[in-house]
Every structure is written in C-alpha cells, then in structure tokens.
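Asker: Given the coordinates of chain A, work out where chain B should sit on it, guided by the hints.
The lines below spell out each chain.
Number of protein chains: 2
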Amino acid sequence: MALNQEEVKLFGLVGSPFSTRVEIALKLKGVEYRYEEEKVGNLSDTVIKYNPVYKKVPVLVHNDKPIAESLVIIEYIDETWKQNPILPSDPYKRALARFWSKFIDDKCMIPAWKTAFTLDEKEREKSFEETEDAFQFLENELKDKFFGGDDIGLIDITAVFIAFWFPIVQEVTGLKLFTSEKFPKLYNWSQDFNNHPIVKENLPRREGLLAFFKARYESLVASK
Amino acid sequence: MALNQEEVKLFGLVGSPFSTRVEIALKLKGVEYRYEEEKVGNLSDTVIKYNPVYKKVPVLVHNDKPIAESLVIIEYIDETWKQNPILPSDPYKRALARFWSKFIDDKCMIPAWKTAFTLDEKEREKSFEETEDAFQFLENELKDKFFGGDDIGLIDITAVFIAFWFPIVQEVTGLKLFTSEKFPKLYNWSQDFNNHPIVKENLPRREGLLAFFKARYESLVASK
Chain A
8 MALNQEEVKL FGLVGSPFST RVEIALKLKG VEYRYEEEKV GNLSDTVIKY
58 NPVYKKVPVL VHNDKPIAES LVIIEYIDET WKQNPILPSD PYKRALARFW
108 SKFIDDKCMI PAWKTAFTLD EKEREKSFEE TEDAFQFLEN ELKDKFFGGD
158 DIGLIDITAV FIAFWFPIVQ EVTGLKLFTS EKFPKLYNWS QDFNNHPIVK
208 ENLPRREGLL AFFKARYESL VASK
Chain B
8 MALNQEEVKL FGLVGSPFST RVEIALKLKG VEYRYEEEKV GNLSDTVIKY
58 NPVYKKVPVL VHNDKPIAES LVIIEYIDET WKQNPILPSD PYKRALARFW
108 SKFIDDKCMI PAWKTAFTLD EKEREKSFEE TEDAFQFLEN ELKDKFFGGD
158 DIGLIDITAV FIAFWFPIVQ EVTGLKLFTS EKFPKLYNWS QDFNNHPIVK
208 ENLPRREGLL AFFKARYESL VASK
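Quick note, the sequences are listed as chains A and B, same order.
The working numbering numbers the first residue of the first sequence as 8 and each following residue consecutively.
The working numbering numbers the first residue of the second sequence as 8 and each following residue consecutively.
You may find that some hints are simply not true.
Identical copies go unnamed one by one, so any copy, or any two together, can satisfy a pair.
No farther apart than 30 angstroms at their CA atoms in a straight line, the calculated lysine-lysine pairs in the DSSO-like style are these [as the list claims (entries may be wrong)]:
id, residue 1, residue 2
1, K192, K62
2, K189, K121
3, K63, K89
4, K63, K189
5, K189, K133
6, K150, K46
7, K192, K63
Treat the hints as calculated values from the structure; they're not laboratory data.
Chain A extracted, bound-state conformation (with noise of 0.2 angstroms):
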C-alpha cells in the first residue's frame, strides 16, 4: 500500500489541543503515521531543529520535509492526501472555512484561556465578554450538524479546543459560560463532534486533563 512507504512523523503532545487536531486530520484521511510525544517544557532538540522559529508543536515530517504550525499542517495534509476532504471544494467555502478557522484560533481560545485563568476581576470579566461574543458568532454560523456539513470540516477539527478542551476547563474553574441553555446549537454540535468516532478515539483522557488543569488553578489561585 503506497501509504506505508511514505514517513510520515508527528511530533505532539497528548494534552494539546493543535496536536489533537493533526491527529484527527490525519486519521479521517487514513494515513498511517508514527506519533512522537514530547516533554512539555523540555521540548527534544529534533523539534527545536524541526521548528526554530517557534519551538513548538504540533511538527508533522513527510519525508524529512517539516511542516509547523496545525492549521499549515491540516492544509498540507489535504492538499497532499486527497481522500476524506477536510476542506471542501468550492473557492467561497474554502475561504470561510480558513476565516472561521482564523477566527476561532484569534476570537475563541485567547480569551477563552484568559477568562479561565486570569484572577485579576475586570480582565477575567472582559474577556469572558468577548468569549461569549465570539462563541455567538460560531453559534450564529452552525447551520447543519457539523461547520462541515453531514462530516466534519477544518473549522469542526480547528474547534476541538472548543468542544472538549474548554468544558473541562470550565468545570475546574467553575465558569459558566459554554452551556447547553446559551448556546444550543454550539453545545449540540460539541456533543456530536466528541461523539465522532475518528475524534473519540483521538481526544486525551478526560481524567488526566481534569487533573492537569486542577492542579494549575489551585497553583494560580495560591499564588495570588
């Protein structure tokens, strides 16, 4: 099979929501892959090599070729592997999808973080706004049971943080604002995306990021 005889790696970390969504990019299109995690905080020096400028990952290699940052990476994996479109075809949805994509990395998670680990009141309070209102807009956009239509899309794989991460946040923080009662169709879908049977089984334990964030708020909040 011409697929095992590409190299296909990716460096990730499990708790990470862009590595996540390569990782689901990568097993909606059936390419096998070897999976390398990282240290968080102690990244390996192949990454460093891999990602100078950021020094980050997700880093997927194709052929000793790197690639960064995941949705440079998703794009890469679409245009390369041409099963199981992730992004569809028509020019117009193709922009929409990279507009909302944008958005929810620059509009969602920033000030979805912030809401829930800043301490500081009036911060914690306008970022929450702005969450709120760009949750609205995601709201406003969903029209069928995924952003992709009947199967998930870029702006569906772009949301995981959104779908899975953020509840969980939410429940350690005790915030209130991703809810089935604000936001019907978003929390709908967040059900449905999670259900989804190639991002189940791609989504870290609940349990462990449960643990995970606890332990940095209670460091937070001690701290203050």
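Answerer: This is chain B only, laid out in the frame that chain A set:
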C-alpha cells in the same frame, strides 16, 4: 471578456498594508475590480455588514459574496482566477508560503509596530530585539530574488509592510533596525519588490504616509 461580467469590489484604505496586499494580488491576476475607499475610524455600514466579526477592511466582495482577512482573500483570489499563480503548486512549498506569511503577521508586524510606537524604553527594546530576530529568519529564508522565486508570491505580498511601510515608520521614529548592513538580502529584496511594476503602481504615496506617521508619532511623544 469573461472577467468583466463578474462583479468584484474591494473595500479598502489607501494607507493600509492589508488593503494593499489585496490590490497587488488582484492586479497580478489582471482581475478588474471596483475600489471603494473607506474612512479611517468611520467605516461604512456596508463594510460593517460584510465583516461584522472584525469590522475592518479589506473586504472583497465577489458577485455579492463577501470575504474578509487579507490572507484569506488572497488565497481565494488565487483559487478563483488561475492565471499568474500566487501560491506555488507543490503542497510542501504551499505549506511554507502559508507558514512564512503567518509568521510575518504574527512575529514581524506586531513587534515592528510596537518598536516604533511604544515610548516605554524597556518594551521598545524588547520589541526591537524581537523584530530583529524575526527579520533575521526572513533574511535566512530568502534564496532568490523574491520569496516566490523569480516572481513575487504570497510571502512577498504579505511582506509589503516590511518593504514599504516599515522604512517610512523607521524614518519618522529614528529607528536603525532594517538597514542594508544588518539585512543585506532582505534590504535588496525590499528595493526589488517596491520597484516591481505592479507593486509600484499600487503603493500609496510615500509623502502622504510619511506625514501621517509623523503626525501620529509627534502626538504620541507629546502625550507622554
């Protein structure tokens, strides 16, 4: 001629490097379009309607379908009008073009801007070093006349701020960062890029921008 039957409109600002990116892309393709100049700080309701998320220009409207975010727009243009490709055809080279374009947005423009328009000495110093480091990565990356090879491509267009805007900002603020001594290849590139016939005819007037940034810098210094 088929191109004339389509309606292509660009909402932009003459002094915006992001609008200029899109204009260069459209001109490279030979796409005819109607340009609508917006007002700084007072965008039209039409732009707000087309880009409710960011409320910013540039916005491209093609047969009534709006697209925002300059890099998303450029990929759309490249996929819609195939002549004079802006991205390479090879998936790996495409990934690199996307990677470095994102790098310019994240790691060059933000610190370069801060270096110029932050008065706090320490922050200014930090941004100066970040900008130098980022420019050094580009210096090392530049192998041919242009980042795109013999012709300008996505990275070149994205970097219009470095070629044209930053030298003006530098002149106004007295920075000595982007010089031919420190970055000989990148400096030569900036000359070739600014003198490329299509780029040249789409850059704003140098004197106008110089006066604009001078006023801005003086008001910043006065407010200290």
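Asker: Each hint should be assessed against the structure and marked as holding or not.
Answerer: Do the hints match the structure? See the list:
no.: 1; hint: K192 - K62; verdict: between (37 angstroms within a copy, 25 angstroms between copies)
no.: 2; hint: K189 - K121; verdict: within (20 angstroms within a copy, 38 angstroms between copies)
no.: 3; hint: K63 - K89; verdict: within (27 angstroms within a copy, 34 angstroms between copies)
no.: 4; hint: K63 - K189; verdict: between (34 angstroms within a copy, 27 angstroms between copies)
no.: 5; hint: K189 - K133; verdict: within (18 angstroms within a copy, 42 angstroms between copies)
no.: 6; hint: K150 - K46; verdict: neither (39 angstroms within a copy, 34 angstroms between copies)
no.: 7; hint: K192 - K63; verdict: between (33 angstroms within a copy, 27 angstroms between copies)
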